[in-house]
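Listed below, chain by chain, are the residues.
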Amino acid sequence: MIILGSNSEVAQAFVEKALEGGEKYAKIFLCTSNVETTQKFAKHIDVKFLQNSEIIELNIEGEIDYAKLSDLSSDLLFCATGYLGLGTEEGLFDKKNTEKIIDINYAKLVPLLNFFAEKMERQRSGTMIVLSSVAGDRGRQSNFIYGSAKAGLTAYLSGLRNYLFSKKVHVLTVKPGFMDTKMTEGLPLNPKLTATPKQAAAVIYKAYKNQRNVVYVLPVWFLIMMIIRNIPEFIFKKLKL
Amino acid sequence: MKPNFIQKVTNWGNFPVVEKEIRSEDTTEKIKEFVRSNNEIIARGNGRCYGDASLSEHIFSTKRLNKLISFDRLNGVFECESGVLLSEILEVAVPQGYFLYVTPGTKFITLGGAIASDVHGKNHHAEGCFSEYVLEFSLLNENGDVLKCSRTENIEKFWATIGGMGLTGIILSAKFKLKNIETAYIRQESIKAENLDAIFELFDESESWTYNVAWIDCLQKGKNIGRSIMMRGEHAFQHQLPEKLKQNPLRLKSKPIPTIPFYFPDFVLNNITVKIFNFLYFNKQSKKEVKNFVDYETFFYPLDVVNDWNKIYGKSGFIQYQMVIPKAAGKEGMRKILETIALSGNGSFLAVLKLFGDNNPLAYNSFPLEGYTLALDFKVNSKLKKLVEKLDQIVEDYGGRIYLTKDSMSKSSLTNYLQNVQNPKFVSLQHKRILNNK
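Protein chains in written order, with the numbering used here: chain A, 41 to 281; chain B, 1032 to 1469.
Because the hints were derived from the structure by calculation, they are not lab data.
Note that the structure is a prediction, hence the values are computed from the model and not measured.
There could be a bad hint or two in this list.
Stated by the list, open to error - For each label pair, taking beta carbons as the anchor points, the in silico distance ranges come out as: (1) A:62 x B:1469: 51 to 57 Å; (2) A:228 x B:1176: 31 to 37 Å; (3) A:222 x B:1176: 23 to 29 Å; (4) B:1070 x A:228: 21 to 27 Å; (5) B:1182 x A:251: 24 to 30 Å; (6) B:1314 x A:223: 50 to 56 Å; (7) B:1208 x A:223: 33 to 39 Å.
As the list claims (entries may be wrong) - Some chain A residues judged to face chain B by a derived CB distance under 7 Å, without partners named: (8) 108; (9) 109; (10) 226; (11) 227.
Even for Gly, the Cβ is constructed at its ideal location relative to N, Cα and C.
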């Protein structure tokens, strides 16, 4: 198993969910920009599941050393790499913020995913699970830089799934909705629309086992986004969403 | 959306409810930063204390300190961060043939909470409090330093923190011993006692059992006062188990856990429904004595089989009243307490009686004293304050005291027993309330 963004609580919960079922992996590769905190997680799964893992330092914002990644091989890739950044109100015209959001969620991420897609294409098996976002379903004024980057990612994943289908590689797009994680701590999120990492991991793991294509973590988000997607533009532009 | 860390927060009793800052971090550096920049901080684990003990102006939630650190499977020594739940420790330890030496009546508390409350269980008379098995912990103190505390290092901090209700700092992680078990089952005996004399006799008679506790019907009056069921148990050995359990003695089948979906309306729990419940519970067992094998979940954590069971007490919440009365005066004191409750009509549904053994004199902040302890749940209503005042008076008259982990309104002469915990950094609403009412 290869994890991108191993310090993400959803990624960690997914690893635990996969291991709880009793499955063993030869090795779990934990790619992260934050080696120190990921070490705690590596130790955690060693103690809890006697699971062997290796931490690979990977900072998506910098130059990626692909040579370092060339030995990584697995049938399963889980990508939780993402960056919320500042929303419209606080950071729309903050150039650094805009660049960082686009880089981490799309521009730098797609080549990295392509690298692993190529490996899986060659081995003619595997599943790529990638966290996108409901924000990518339609650009809304409150955070459309993030939303557009995720929209790009969602479109990429859709195309990739289409491309890899005949190569026996599966792509699962996950749209989490509100999550109770470090990224959203203190935000006034409606608890009925918010999932814990553990809940999300269970949904994602099931979707992976059932070879689903696109999954919303909480079903209610499918409904919400269906409505939002279908509001005619001449009305939508007047809304404060 | 801008973050706002001021949130509504309340503990297991849903009383009191306050709006305070609540933060969580997962690295020591960030926790230090939080401690440096605030005063009146308290650590909070899973919010399973009942009242205001883990509430303050600035609450530090340990929910992201949730990693295991080491497990020596040969010697049964476990180490993890303070926000790890006992349930998770058991998930890992039980299949390896280990159990917690001391566990309270729920496994959904954190390790940090277990140390700060120095929790006790059904085996207090035989094996003491949780702290007996704690080897060391790391504590972030009021100066922002991380101290390793044990029986040989930072000894003073070690003992002040045990039962110290989080007032000495934030426990980051701890190392503790586990006990060997052969099976995940308990050999249990349940024995009915008609009244208080009978149950006190049973406690004396059951002293050699590792675990013993009684469920008591506190609405009985007159000659039936103290009607109860004694439950005593031992970890079962493999050879004792019935054939079908022998196959996989350390693995329990997972059971679905229902959730109470909403707060029950106030009329659901009243004296009549409690009486009916108590009647059914007492008569569920028709024989005077039943011997059987039950899994550890059933024996130790009967209430954990329903999520959010606290919601049956309604939105206004409930308190748990737990006191201890020294052994010599125990029977007389208990009788007075039970009479007072029966008269008040404020029926408690789950009352638990237990005889504590000797206390560890080194753990001076721990609640238990040698004597009888009774834990009762009461719904918050207009009559409650009066009842608590009356009960407090009896406890005081008989030289007892109140368990801080449950307390939210008792008088300070019964709760003001912590020593060496005074500092401006770590203060809880409970501690302030106690000091202000002195």
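Here's how the hints hold up against the structure:
| no. | hint | result |
| --- | --- | --- |
| 1 | A:62 x B:1469: 51 to 57 Å | holds, 56 Å |
| 2 | A:228 x B:1176: 31 to 37 Å | holds, 35 Å |
| 3 | A:222 x B:1176: 23 to 29 Å | holds, 25 Å |
| 4 | B:1070 x A:228: 21 to 27 Å | holds, 26 Å |
| 5 | B:1182 x A:251: 24 to 30 Å | violated, 55 Å |
| 6 | B:1314 x A:223: 50 to 56 Å | holds, 53 Å |
| 7 | B:1208 x A:223: 33 to 39 Å | holds, 38 Å |
| 8 | 108 | violated, 25 Å |
| 9 | 109 | violated, 26 Å |
| 10 | 226 | holds, 3 Å |
| 11 | 227 | holds, 5 Å |
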